[in-house]
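For the protein sequence lines, the chains are B and E, in the order given. Just so we're aligned, residue 4 is where the first sequence starts under my numbering, counting upward by one. Just so we're aligned, residue 120 is where the second sequence starts under my numbering, counting upward by one.
Mixed in with the good hints there might be a few duds.
To be verified - As a list, the in silico DSSO-like pairs of lysine-lysine whose alpha-carbon atoms are at most 30 Å apart:
| hint | chain 1 | residue 1 | chain 2 | residue 2 |
| --- | --- | --- | --- | --- |
| 1 | B | Lys17 | B | Lys85 |
| 2 | E | Lys376 | E | Lys315 |
| 3 | E | Lys315 | B | Lys131 |
| 4 | B | Lys17 | E | Lys134 |
| 5 | B | Lys131 | B | Lys157 |
| 6 | B | Lys157 | B | Lys85 |
Hint data in this document are derived by calculation from the structure and do not stem from the laboratory.
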Amino acid sequence: MGSHPITVTVNGAKERLNVQSNETLLQMLRERLALTGTKNGCSAGECGACTIVMNGEPVNSCMVLAVEADGAEIVTVEGLAKDGQLTLLQEAFAEHNAVQCGFCTPGVLISAHALLERNPHPTEEETKLALVGNLCRCTGYLRLVEAVQAAAEKAAPSVPMKGDA
Amino acid sequence: MYMPSPGLPEFDYVKPTSPAEASRILAERPEQARPFMGGTDLFVRMRDGLVRPETMVDVKHLPGMQAIRLDAEEVLTIGAATTLNQVAGHPVVQTRYPLLMEAANSVASYQLRNRATLGGNLCNASPAADTAPATLLLEGRVVLYGPSGERVLPAEEFFLGPGTTAIQPGEFMTAVRFPIPPAGSAGKYLKLGRNKAGDLAIAGVAVLGFPNGTTSGHSFRIGLASVGPVPLRARQAEQALAANPPGEESFMLAAEKAMDAAAPIDDVRASAEYREAMVRRLTFRALREVWAQMEEGK
Numbered sequence: 004m005g006s007h008p009i010t011v012t013v014n015g016a017k018e019r020l021n022v023q024s025n026e027t028l029l030q031m032l033r034e035r036l037a038l039t040g041t042k043n044g045c046s047a048g049e050c051g052a053c054t055i056v057m058n059g060e061p062v063n064s065c066m067v068l069a070v071e072a073d074g075a076e077i078v079t080v081e082g083l084a085k086d087g088q089l090t091l092l093q094e095a096f097a098e099h100n101a102v103q104c105g106f107c108t109p110g111v112l113i114s115a116h117a118l119l120e121r122n123p124h125p126t127e128e129e130t131k132l133a134l135v136g137n138l139c140r141c142t143g144y145l146r147l148v149e150a151v152q153a154a155a156e157k158a159a160p161s162v163p164m165k166g167d168a
Numbered sequence: 120m121y122m123p124s125p126g127l128p129e130f131d132y133v134k135p136t137s138p139a140e141a142s143r144i145l146a147e148r149p150e151q152a153r154p155f156m157g158g159t160d161l162f163v164r165m166r167d168g169l170v171r172p173e174t175m176v177d178v179k180h181l182p183g184m185q186a187i188r189l190d191a192e193e194v195l196t197i198g199a200a201t202t203l204n205q206v207a208g209h210p211v212v213q214t215r216y217p218l219l220m221e222a223a224n225s226v227a228s229y230q231l232r233n234r235a236t237l238g239g240n241l242c243n244a245s246p247a248a249d250t251a252p253a254t255l256l257l258e259g260r261v262v263l264y265g266p267s268g269e270r271v272l273p274a275e276e277f278f279l280g281p282g283t284t285a286i287q288p289g290e291f292m293t294a295v296r297f298p299i300p301p302a303g304s305a306g307k308y309l310k311l312g313r314n315k316a317g318d319l320a321i322a323g324v325a326v327l328g329f330p331n332g333t334t335s336g337h338s339f340r341i342g343l344a345s346v347g348p349v350p351l352r353a354r355q356a357e358q359a360l361a362a363n364p365p366g367e368e369s370f371m372l373a374a375e376k377a378m379d380a381a382a383p384i385d386d387v388r389a390s391a392e393y394r395e396a397m398v399r400r401l402t403f404r405a406l407r408e409v410w411a412q413m414e415e416g417k
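Between the sequences and the hints, there should be enough to build the whole structure, so can you do that?
If you want it as structure tokens, here you go:
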């Protein structure tokens, strides 16, 4: 049972850590770096509460070994807002009441953030497909989809308004 | 009450730098060492206590394991550790092997497909593996690397039973090779889960159709998932379609024969009886959809 020295960038900060062979990325984020926004739900890659961005793509952090993150760039929900300023997506979640108990919210925000990065104007269907791996037990799916669509529209309006340069 | 544990049982993680080194570690302790790629099936089985490897051999960084390339003979080689999103997003897969793209996209969720690999989906040898029927129909050949070097075998000879494959001690899968698909081919994968997306298949039916010199002028290949100990080809159904002109009548006949080819079990997701009925229905629908695509493409 070895430990491995790794270097990983988490929300822009470089971290040097000694991780155990069987330590998951989820455990590393929560227990070593105290980034507890990322949640442990099912530990089986189904619920999406542990979703984070690794090298630009969302993954279930319960399904990644910490040692595999050596050299990787990680973004967790704590890394979305900059200088206390929420992202348009986070604001849209608040405006549309897309949060009920909040447990699934960090994972949903990360999945939606990654969706808008690769597809700034998703259709409603594309948004739903991107969120298949994020279960909300309060079943507030409608508002999640509305919030994502609204954030996409706000970030890059599909039809420019009159007077826009 | 069941409480999921975020932790994994203890093991050693090793990252070999050559296929030979990987094979040597696997061969030395075949019972204790396991090749490891995406881990999306393996971690679940480890957390459930079904398997307990002492050494996890991370083979996904070996040369070519995550590469997709078309060679001079137009054979498409997909590295075993290529993620399902990389497979589904590749332009050659999208244009020439849309059936494989559809199958890859039907697995679990977007974020899981960023970890789950084509090779892992096949090596796990679940009868429900979504990419297996497409791999069978597209005449995929799996490349295995082991103590005596490389060997290649047809996907159909790879699956031996639930969770059991032709992989020998010391071997691991390095790639899947696909020949040029038949000219004018069209494909469809219909997957029935407990919900529309994200679930494992209760039953899955893949169909690949193309014009050729049979009595009917067309060939259809039919692959079934989750309705037998291994992913299956429904050969008698295929023969019926080679002998009879395409249409509702022959599709119905083939659907009956596909149902006969299925040997499903009762499990937590569905009864055997329901699965049989669904194989018939899905086969009929998939044939009709593939035929419509072929008519359109003429």
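**Request:** Verify the proposed pairing of B:Lys17 with B:Lys85, using a straight-line Cα cut of 30 Å.
**Result:** The hint holds at about 17 Å.
**Asked** For the pair supplied as a hint, E:Lys315 and B:Lys131, is the alpha-carbon distance within the 30 Å limit?
**Response** holds (11 Å)
**Asked** Is the straight-line distance between the alpha-carbon of B:Lys131 and that of B:Lys157 30 Å or less?
**Response** Holds: B:Lys131 and B:Lys157 sit about 19 Å apart, inside 30 Å.
**Asked** Are the Cα positions of B:Lys17 and E:Lys134 separated by 30 Å at most?
**Response** OK: B:Lys17 and E:Lys134 at ~23 Å, within 30 Å.
**Message:** Hinted pair, alpha-carbon criterion (30 Å max): B:Lys157, B:Lys85. Please report holds or violated.
**Reply:** holds (18 Å)
**Asked** Given the hinted pair E:Lys376 and E:Lys315, is their alpha-carbon gap at most 30 Å?
**Response** holds (26 Å)
Going through the hint list in order, the structure satisfies each hint without exception.
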